[in-house]
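Novice: Use these hints to put chain L with the ligand onto chain V, whose structure you have.
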Amino acid sequence: MKTEHISGYFDYNATTPISDEVAKSMISAIGQFANPSSSNNYSQLAKTVVSHARENVAKLLNVKAPNIFFTSGGTEANNWAIKGVLSKHSDQPGHIITSAIEHASVHDPIKYCIQQLGYEVTYLKPDSSGAINVADLKGAIRANTQLISVMYANNETGVIQPISAIAKIAHEHSIPMHVDAVQLVGKQHLDVTALNVDYLSLSAHKFYGPKGIGCLYIKDISSIDPLIHGGGQESAMRSGTENVMAIAGLSKAAEEAQQAIEQWNKEYWSYKQHMIALLNAAPIKVKFNGATNYIDALPNTLNITIEGIRAEALAARMEMLHHTIISIGSACSNNKTKKASHVLTAMGLNEVDIQASIRVSFGRFTSLSAIEMFVQALVAETQVLLSISESGICKSN
Amino acid sequence: MYNQIIIDNFSNPQHTGNLELADYEIEIGNPVCGDRIKIQLLTHDNFIDKAVFKAWGCATSIATANIFCDSVCGQPINSITQRSAEHLAQMLGELEPSQHHCLHILTQLHEKLAALLKAGVV
Ligand SMILES: Cc1ncc(COP(=O)(O)O)c(C=O)c1O
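Chains as they are written, first to last, in the working numbering: chain V, 70 to 466; chain L, 576 to 697.
So that you can see chain L by itself, here it is in the shape it has in the complex:
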C-alpha cells in the first residue's frame, strides 16, 4: 500500500518534463531495482527556479522524484543541502519495507546536489 503523499505525487506528478537549456542535471540509478531518475534544474543566484524530472521506476521512486522537484523550487540551494535525515524521511511519509529504497534515492538526490555545491558549480 502507498501513503497519501506517494499517491498524490505519483498519480498526478506536476514536475515531469525536459528542459532544453538546463543549468544542472542530476542523474541517479539504483542497481538493484533498476530505478533511474534524471533531474534538471534552472537556477539563479543560488536559488532553484525550476526543477523537472524524468524517471523510470516503481511508483514510489517516481513520486520521490516529484517530491524532490516540488521541494526545491524557489529554495536557496544551501538550505536544501542542509536538510536532516529526519526531514527527508518526513518528506516521503511512512514507507513499507519494499519502498524504503526510495528514501535512499531521495538522500542521493540531496547528496548529488550538495556535491555540485561543494564543487563550486552552483
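One chain only, chain V, in its complex shape:
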C-alpha cells in the first residue's frame, strides 16, 4: 500500500483501503473456481479457504468456528439477526428495544417489522456523551420484549455503548441480544464469549478487508430462522454458493487484525490525542461531540463541531484543495429537504451545530505527519470560510 496516496483519507469509518496482504490472499483465491460445497478434488481447496476463514474470524472474536456464518456484509448480518429472531414470534409479535443511534441497517429492518408485521419498538436515546443509559434500558423492558439490538460503537461519534451491562440485563430477562459490532471490530479487542451476546454482526470492509463480505455470530442456531433459503450452504442457515474470494479476504483481514490490533489501537489513540491537542490549540472554536476518552470511544474517531462554518462547504474545500476526505453530519438532499444526522440529533445538538459538524476517522495507513497536515488544512479552510461569511449575516444560532 502506497500510503502517501491516501494520506488525505480521513473516512475510515465509511470504509477502509484493502491491505496488501488481503489483496494477495484474494488474488490467490481467485483461482479456486470450484464450488466449496461439491465433493470433488478441486472443491477441497475452496472448502479449505472457507473453513480456514471461519477459524480466523472465530479467533478474532474468541468464539467457536461453527458459530460464524458468512453474509454479504454488515447490512445483511443486521437484517438477518433482527428478522431471523423476530420471525420466530410471527404468531405473537411483541416488543423490540434498540437505540436511536443505530445504523440504517438496524433501524430499517426494525421499521419493517413494525409496519409490516405488527411489532412495537422502544428507541433508547443517548445522553450528550453519545451513549445510551443502562437504567433506561431496564425501564424499557416489557413482558413481551423479544429482542434487544444495540450497536457496539457508533459510526458517527465512535462512542462505545454499555454492551456488557446490557447483555447481562438481557440474559436476566431471557431476552435475546444482538450487537452490531461493525465499527468496533478491528479497532478494539473483542471477546464475544466473555461478552455473552446472542448475535453479533461484523463487516470486512471496515477493517481492511473487501466490500460485500461479513458475518453474523450466532450463539444458538435454533434461536433464529434463516434469512436466505436455498441450497443449504452455511449449515442451511445462509444459502448461496460461497464468495470464496471475498471470504479469503475477510480471513486475511481477521488474521491481520488479530495480530496487530493492540498496536493499531495504541497508535490510533496517540494520534487521536495529538489531533485533539492540535485542534484545541488552534485559533478556531471546536467542540467535540460525545465522549472522546479512551474507555468510552473508539480511538480512531472524532466528531467535531466547528463554530461558524457549514461542514458541507468545509468538506468540499478539504477535498478540492487538499485531496482530503471527511464525512459530514448534514447535507442538502434536494430543494425541499435536508438530511441531518439522526445520531447528533438524538444527542441533543441543535440544527446549526449539526450543520457545522464533521466526522474524522483514520486508520492503519494514517501517519502522524498526515494528522498534522490534516489539522493545518482544516484550520486554514475554516478561516477562509469564516472570512467569507463574517459581518453579521452568519450568526451561529
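No lab work stands behind these hints, which were simulated from the structure alone.
Every clue listed holds true.
Computed footprint of chain V on chain L, listed as stretches where at least three residues anywhere in the stretch have a Cβ under 8 Å from a Cβ of chain V:
(1) 581-593
(2) 633-639
(3) 671-685
From the three backbone atoms N, C-alpha and C, an ideal C-beta is built for every residue, glycine too.
Specialist: Chain L with the ligand only, in chain V's frame:
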C-alpha cells in the same frame, strides 16, 4: 460531485468582501438549508461597477454568489434583469439534485435586483 464552474468559483472566489459605502444591498436566505447570501453593489448610471458578497452556505451556494457577482460587474442593470431562465441555468452548469436549490438562489438574486430596478431605486 461538483462541476468545474462550481469548483472554480468556490475554491477561489474573487468577489468576497464588504463595502463600507455600498449603493445597494441584496440579501437572501433559504429557509430549508439555511443558506444566507448578502451582495453589495456599487453602481453608476445604471451600470454595476463592483459587486461583492458574504455567504454562509454549502459549496454550491457560495459559488453561486461568486458567479452572480462576477457576471454583473461592468454590466447594465436592465440587461442583467432580462436574463432568461435558460441563461441562469447555464451560468451554474450541470447540477446534482442536492445542488438545485442554488439555481433558485441565483434566480432570487436576479429577482431582487429586478425589484430594485422596478422600484426605481437603481
Ligand atoms: C454501524 C454500522 N453497521 C452496519 C453497517 C453496514 O455494513 P455493510 O456496509 O457491510 O453493509 C455499517 C457501514 O456503514 C455501519 O457503520
